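Student: Put together the whole structure using the sequences plus the hints.
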Amino acid sequence: MTQEPVAIIGLGVVLPGASSVGQYWNNLVAGADAITDIPEHRRDPEFHGAPGTTPDRTHGRRGGFVADTVDFDPLAFGIPPADIAEMEPDQVTALAAAAAAIEDAGGPTALGDRSKVGVILGRGGYFSPGLVRFDQRVRTVRQVRRTIRELLPSASPAMLDRIRDALLEPLGEFQTESAIGLVPNLSASRVANRLDLGGPAYTVDAACASSLIAVDHAIAELARGRCDMVFAGGVHHCHDDTLWSMFTQIGALSQSQRISPLSRDADGLLIGEGTALLMLKRLADARRDGDRVYAVLRGSGISSDGKGGSLLSPSIAGQMLALRRAWDAAGLDPRQAGALGLLEAHGTATRAGDAAEIATMTEVFGPADGTAGVVGSVKSMIGHTMPAAGAAGLVKVALALYHKVLPPTLHCADPNPLLADTRFRVIGEAEPWPGSGTPRRAAVNAFGFGGVNAHVVVEEGDTASRRRIDVHEPGRILRLSAQTPAELALLLDRPQQTDVLGHGEARIGIVDPTPETLAIARRVAAKVAKDGKAQRGVKGIWCAVDPLLPSAKTAFLFPGLEADVSPRCADVARHFGLPTPAWSTETILDHAESVTAVGRLVHTALGRLGITPDALAGHSVGEWTAMRIAGMFTPAPTADNIQRYWSGRFTAPELDYLMLGCPVTEASELVTGLDVVISHDNAPHQTIACGPADAVLRLAETCREHGVIARTLPFRSGYHTPFLRPFLAPYAALANDLELRPPSVPVWSATSVAPYPTTLNAVRRLFLDHLLQRVRFRELVEAMHANGFRVFLQLGAGQLGSFVTDTLGDANHLAIGASSNVHAGLDQLRRVATALWVEGADPRFEALAPRQVRLNSARPLLALPANSRGLLDVTPEVPAGLSDDIAVAYRELIDETRRSAAAVVAAMASDTIESTVDVSVEMMPFLRDHRFFRQRPGWPDEADFWPVVPATTLIDIACRKVERAWGLPTTGVRDAAFNRWLIAEPAKSIPVTMRRAGDRVEVAIGSYASMTVCLGKRRPDARAFTPRRERPVPFTAAEVYSRRMMFHGPAFHGITRLNGLGDHHLRGEITVPPAPGALLDNVGQLLGCWLLATCQESLLAFPRSIAEVTWHAPEPEPGATVECQVEVTTPQPDVAQMDATLFRAGRPVATIVGWQDIRFSCDGDMHRAYAHPEVHSLSAVDASGRAVVRDRWRSVAAREFFAGLYLGAAERAAFAACPPREQRGWLLRRIAIKDAVRARLAANGVTGVYPAEIFVHEDETTVSGLHGRILPEFGVGATLDGDVAVGLIHPFPAATRSAT
Amino acid sequence: MTLQPYPRTTVFDTVSELLAPLVGDLDVLGIRITPDTRFHDDLVLESIDLVTFSGILAEHFGPDVNLADYLTQKDLEEVIELRVGEIASYVAGRLARRG
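Chains as they are written, first to last, in the working numbering: chain S, 508 to 1807; chain C, 374 to 472.
Rather than coming from a laboratory, the hints here were simulated on the basis of the structure. This one's a predicted model, so the numbers in the text were calculated from it and none came from an experiment. A hint or two may mislead.
Pairwise CB distance ranges (calculated) [what the hints assert, rightly or not]: (1) S:Ile-934 - C:Gly-435: 42 to 50 Å; (2) C:Lys-447 - S:Asp-1097: 21 to 29 Å; (3) S:Ile-934 - C:Arg-405: 26 to 34 Å; (4) C:Gly-435 - S:Asp-1097: 40 to 48 Å; (5) S:Gly-732 - C:Arg-405: 53 to 61 Å; (6) C:Leu-449 - S:Asp-1276: 31 to 39 Å; (7) C:Lys-447 - S:Ser-943: 21 to 29 Å.
Quick reminder that beta carbons are idealized off the backbone N, C-alpha and C, glycines included.
Tutor: Shown next, in the form of structure tokens:
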């Protein structure tokens, strides 16, 4: 006996990458891969991807994951939103999927008699998140307590209790009610409970075959007549570590992190999660009730492997049994040609699993014979969803049968060679599913651990409409406002951080912006800005700079009967908690009721958004909807009216409507001579005529000849024509009995083209005139427009909007439908809200926000709150017998010590330490011996001296800080770079960052210097001196300092002997001076001496970088004597580079490699001027006292150096503020002026004047003496010609300014 | 006098040009009309716009390009799925008939 066919009438899914059936189908067709890395908040790096093969870890890092939020309104189901977080995710998804399936099937009426509706869900007994969290509370805390007691027997019970309480604290307060929510079967029972279902509701566990077993149960319930409808499917939201570990241990989890079913290199599965639900009904009942049938279940078969396979590896014989049973139940032969077009394989992508399944396919469906059905597995896209897998596959094939499209399978470019022997092929892209002699058929395999097998045979049902409907998830609405159109265009160019931005009347709204639509929006905004004409609605973009509202009036227009209209509004009803309007065009009365119901729903919804009308109007029967909503009457149920006024039989004249594509004037001509009248004047391009069928046919023919588009409408009522007069009596009686009230909002009549009259009798008369006279919709629109109406909302789907626009043409107006055939209801309302907002309204967008809940899939390990960490750090007991204040002091001492020790340990463990160094002449008095410039003795402004921290002192600072921070000796420095002179006046606090990696510490001293300090063992060996040819040094060590060849002061005087000079080396002896870093500084001084002895120019040199400093012994103390040899190269004209070695009493002390100095271009004159500025000038002064100075410095640094030499503090500030291109000339002129003044002073007997003592005023015509220097009243001037400046004293004195 | 049959591509170009004003500013909207472009779904035009368009076609090509006639042969679903290429083919066919 064959099984009773069962129809699939509704679908609901929550799957990876798809929160709706529409999204799932889109993904299937597009071949979207929903496998991702494990989301951060569900990943534990100590488990996922941890190395090793023990059970407490897995190599797996990828899988199928559903979104964290689900569109679900808990209040609509009577669930307090706070309870959701405690519920197992699969209970929430089961409810959400059931709700979606109901809406998909047409609304709650599709449930029929709820006492005979069941819920049967496949669900495994795996460790789900809610249970994990509960187990932690019940058991893990106890376990930790016991383990601590075993580890630390001295811990007191009170302490253990404190630990237990601290562990429980992050878990939150325990809610008794939520414990019950963890009972596993509630996934099914809760659906029955919330939807008030009375049929059997339970879960079944057959591992991966569970959901097809559930479907089999559902078919049985329906066949027995115990249920009239069943929600069947599967749920699996688990992803627990135990599940991952198990699959890893049995070797089933893919090493390549990809699931590629039926592919040659399939290497295992990836784990997924999800919920898939189908609403099942006996096919006969579905046809009787006019349900949309996705597909028909023809046969279902189940088997076990017996002892054939092991528990984990499949048995072909067992699988074949299930398939054969299913095809027998369907009464079909699987081997017949064309028997099966699409097979959804179990397809776990394990070697054994795929091979066995392919062998089963060959055995049951026969070997390759030239036909080619398609085989595939959705697991390639969403992973293995375990108990939900069968249902996910069944939903896939149902959609494929409905849309007549064969979906692709991913990652199977190189299929398993065994497939070549079967009647199936794998496809990588969707293909149309062609029809043939036999009905299209698909089948689904599901094989579970333990050897349970299931198979379902499915046949096509209805065919999906080819109309495109929009199924994307609702996204953002971008709303930008500005004061002017130009500003609006600018706002579009800025990256949009928020969705609502700006103020002003120029507005643009973009629904679901993509980069493409944003580009279009920019052009739209530019166009609107240019010509001021609003753009309304194309590509989801509305833009207006001259809003219609609030000055214009808004009209709600209610449609009448139209062909080809099926407004989508189930989601609107669900969202606002309103009844879903039933939609039927079966009879004319059904159709009219449906249209009215939609109108009322949309009107309420618009009210919730704060969108209200200034008037209502309607088209044909829509006018009654308008009257009703305005409260003019409350109708009795249609059935009652039919009974009362039509004696139970509603009749209408047998007349046809013909829709003509021409204006009423032309239509009137066309109907002359025919028994046809004009019934509707809809728009300049549409008129409707009405008459008996044969007359209408002749009219249609005439229209064709005249090139007028004509189409018959699919309903007959005879309304709006004199033909109705013989049928008028019941309407008149009804009108007479109607209790009429004044409208709450003005209602306009399309018959009288004016607002409804106010007297009862006039209203009743107009009611009847409406039935006998034509609908003058076009004139109505014109009249309302003349009355100030500019915004026209159609409350339903249909053509009224296009009538309005056709009538009003270019006159500025907004016409938009609040319901659509294409967009989901809420989506269309978002567009309406956006369009109205652009025109200046203020709708409540938040009322449209989808209600979502968050699935609580978290299973974090227990963690103590921060203030409880370290609870077991034992405090030493205070010795007995101490007085109180000593005890207090003792405890404080212990606490202080522990804190310091903790800080030290923390620092040692830490690898990055931030600290500072305070740099000032006060803190580092030795810097007075490292002043770059000389000034007048006793000069009060230290900054003018330029006390610079030597590069080698910076090295010393870095090494000492590292040693203090980590308590380890430093052995050298690498890659030291000195970027800027660190001048110690004014005092500064410089940040020092130390970043340790192993035995290297990277140190950065502000932006001044950086280096890598080395820790570890010293290397005692070093190169010896290389003997070279040498000659005596032309000056002595003493002369170096007495002749100020080096600028250093006594704290840095280290060179005590100069022993030999060569073309590339200098040998000398250094006695270590006291200043930090002074020894290495003197090595640098030896380099300077070599330059002085061998070069004529560029004698000024400053360290730029040192590649290596290595200490072979502890740094010598001050007073120790060290032999030093430096070997010098000049790789470039402005660079001097040296290596150096230091020995003490024959033992190596240090090796330096790659010390580079920057040489300033500086000839002997410049050097002399630098060394003794009070005597020598940079300028050449001629006999008449004019000072001529030329720009001779080749780098900005050199120029800054000489600026420092000549300028005082105030002048340096002015120099820095000078635009860079003018700095050179500014400086040259100042130098020239100062040198001219000094020359004149010298001529008058005043010598030894330092340049910084002279302040040149901004206008460069006067000078003053600083800090006690008195100057005569000089007038000065300077000229600049190219790179030469000339300074002079004017013959005429200027007024003296007081010395600053 | 026989007229040369209009090659199909230029007929399509003309039909597209005549259609463009009904759609809006194609450049701003980034729309390219191809033979597969659907009247209703892609260009967001309504059935009343078909009426306007039939008038435009008749005006440009002559009364024998009678869209009304063409559409009576189609059922409602086919009219909804109408593509610009189909209209262009129809127009080209009518024009070829003349010659």
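Student: Now look at each hint and say whether the structure bears it out.
Tutor: Verification of the hints:
Remark: the range hint 42 to 50 Å for Ile-934 (chain S) to Gly-435 (chain C) is upheld by a beta-carbon distance near 48 Å. Between Lys-447 (chain C) and Asp-1097 (chain S) the Cβ separation comes to about 27 Å, which falls inside the hinted range of 21 to 29 Å. Range check, Ile-934 (chain S) to Arg-405 (chain C): about 30 Å between beta-carbon atoms, so the 26 to 34 Å window is met. The hinted range of 40 to 48 Å is satisfied by Gly-435 (chain C) and Asp-1097 (chain S), whose Cβ atoms lie roughly 45 Å apart.
Separation of Gly-732 (chain S) from Arg-405 (chain C) is about 58 Å and conforms to the stated range, judged on CB atoms against 53 to 61 Å. Between Leu-449 (chain C) and Asp-1276 (chain S) the beta carbons are some 32 Å apart, a value that agrees with the proposed interval 31 to 39 Å. A hinted range of 21 to 29 Å holds for the C-beta pair Lys-447 (chain C) and Ser-943 (chain S), which are about 26 Å apart.
Of the numbered hints given earlier, the model fails none.
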